[in-house]
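K.L.:
Each chain, letter by letter, is given below.
There are 2 protein chains.
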Amino acid sequence: MERNLLCPRFEKAVEILSKRWTSLIVFQLLSGPQRFINIDQALPNLSGKVLSERLKELEHEGIVKRVVFPESPVRIEYSLTDKGQALAPIFGEITKWSQEWLPVQE
Amino acid sequence: MERNLLCPRFEKAVEILSKRWTSLIVFQLLSGPQRFINIDQALPNLSGKVLSERLKELEHEGIVKRVVFPESPVRIEYSLTDKGQALAPIFGEITKWSQEWLPVQE
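If you're matching them up, the sequences are chains A and B in order.
So that you can map any letter, position 45 of the first sequence is 45 in the UniProt record's numbering, and since no number is skipped, the others follow by simple counting.
So that you can map any letter, position 22 of the second sequence is 22 in the UniProt record's numbering, and since no number is skipped, the others follow by simple counting.
These are computed hints drawn from the structure, not numbers from a lab.
These numbers come from a predicted model, not from an experiment.
Wrong hints could be hidden among the right ones.
[What the hints assert, rightly or not] Partner residues are not named here, just some residues of chain B that face chain A (Cβ under 8 Å, in silico):
#  : residue
1  : Phe10
2  : Glu11
3  : Lys12
4  : Ala13
5  : Val14
6  : Ser18
7  : Arg20
8  : Ser23
9  : Phe27
10 : Lys83
11 : Ile90
12 : Glu93
13 : Ser98
14 : Trp101
15 : Leu102
16 : Val104
[What the hints assert, rightly or not] Between beta-carbon pairs, the in silico distance windows are:
#  : chain 1 : residue 1 : chain 2 : residue 2 : range
17 : A       : Asp40     : B       : Glu15     : 16 to 24 Å
18 : B       : Glu57     : A       : Phe69     : 40 to 48 Å
19 : A       : Glu71     : B       : Pro33     : 56 to 64 Å
20 : B       : Ser79     : A       : Pro70     : 52 to 60 Å
21 : B       : Gln85     : A       : Val104    : 20 to 28 Å
22 : A       : Val67     : B       : Leu6      : 20 to 28 Å
We treat Cβ as the ideally placed atom computed from N, Cα and C, and that holds for glycine.
The whole structure should be built from the sequences, with the hints applied where relevant.
P.N.:
As structure tokens, this is what we get:
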């Protein structure tokens, strides 16, 4: 019987985006470059340890970049690369779907 | 400091879609109603037990429906509801992103 196999690139994209917290971190960064503390505060249930791991993974995937500003004290900002910014339409569609189909939560 | 909190409906959507295998099952069902065995064969690394759990969860979320055809032997098909079908644009955007930004895998 013919198998309807998934495209490996599609599977890889789903794997990246499905990792716990990853999508919410990318979504948070869509609003612009931010310091670690800002992302941490926007996602109250996410521990600093996991945020740090996820940011490293996203850097490794080329989705997030970490920029060090040589000020005193040093300022470090995280932002999306072009590859990361290109995820915006996915989040736009998730937002639309959630507003149309999920109940308003109290 | 003002917190840039996420919309709970967006978070809920990400939670649903991020659950391991869920997105791939929904994607598979976008090609039309299917029997359990067909979904199972299309996702070779997914066990029947987990597929069965995920289909129940997706039914519970109103994303998948299970239709029993009273034939002999009985035929059971899984398909997307309108709410499930409305996820198509999200998967369209994931496909586009993966094709533009992820390397072709051998």
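K.L.:
Please go over all the hints and tell whether each is borne out by the structure.
P.N.:
Verification of the hints:
The beta carbon of B:Phe10 is positioned within 8 Å of a beta carbon in chain A (closest approach about 5 Å), and the interface hint is therefore held. Hint status for B:Glu11 relative to chain A: holds, with the closest Cβ pair at about 7 Å, below 8 Å. About 5 Å separates the beta-carbon of B:Lys12 from the nearest beta-carbon of chain A, less than 8 Å, and the hint is met. Of the supplied interface hints, the one on B:Ala13 holds, with its beta-carbon coming within about 4 Å of a beta-carbon of chain A, less than 8 Å.
Because the beta carbon of B:Val14 sits about 5 Å from the nearest beta carbon in chain A, less than 8 Å, this interface hint is met. Checking B:Ser18 against chain A: minimum C-beta separation of about 4 Å stays under 8 Å; hint holds. The interface hint given for B:Arg20 holds, since its Cβ lies 7 Å from the closest Cβ of chain A, which is under the 8 Å cut-off. The closest approach between the C-beta of B:Ser23 and any C-beta of chain A is roughly 5 Å, which is under the 8 Å cut-off, so the hint is satisfied.
Because the smallest distance between the Cβ of B:Phe27 and any Cβ of chain A comes to about 7 Å, under 8 Å, the interface hint for this residue holds. Here the hint on B:Lys83 is kept, as its CB sits about 5 Å from the closest CB of chain A, short of 8 Å. Look at B:Ile90: its Cβ gets to within about 4 Å of chain A, closer than 8 Å, so that hint holds up. The restraint placing B:Glu93 at the interface with chain A holds, with a minimum CB-CB distance near 4 Å, inside the 8 Å limit.
Taking 8 Å as the C-beta cut-off, the interface hint given for B:Ser98 holds, the closest approach to chain A being about 4 Å. Nearest Cβ of chain A to the Cβ of B:Trp101: about 5 Å, under the 8 Å cut. The hint holds. Residue-level restraint check for B:Leu102 holds (minimum Cβ-Cβ distance to chain A is 5 Å; threshold 8 Å). Because the smallest distance between the Cβ of B:Val104 and any Cβ of chain A comes to about 7 Å, under 8 Å, the interface hint for this residue holds.
Range check, A:Asp40 to B:Glu15: Cβ separation about 20 Å, and the 16 to 24 Å hint holds. Take B:Glu57 and A:Phe69: their Cβ atoms lie about 45 Å apart, and the range 40 to 48 Å holds. Range check, A:Glu71 to B:Pro33: about 59 Å between beta-carbon atoms, so the 56 to 64 Å window is met. For the hinted restraint 52 to 60 Å between B:Ser79 and A:Pro70, the CB-CB distance of approximately 57 Å keeps it satisfied.
At about 22 Å, the CB distance of B:Gln85 to A:Val104 agrees with the hint of 20 to 28 Å. In this structure, A:Val67 and B:Leu6 meet the distance hint of 20 to 28 Å, their C-beta atoms being roughly 24 Å apart.
Checked against the numbered hints given earlier, the structure satisfies every one of them.
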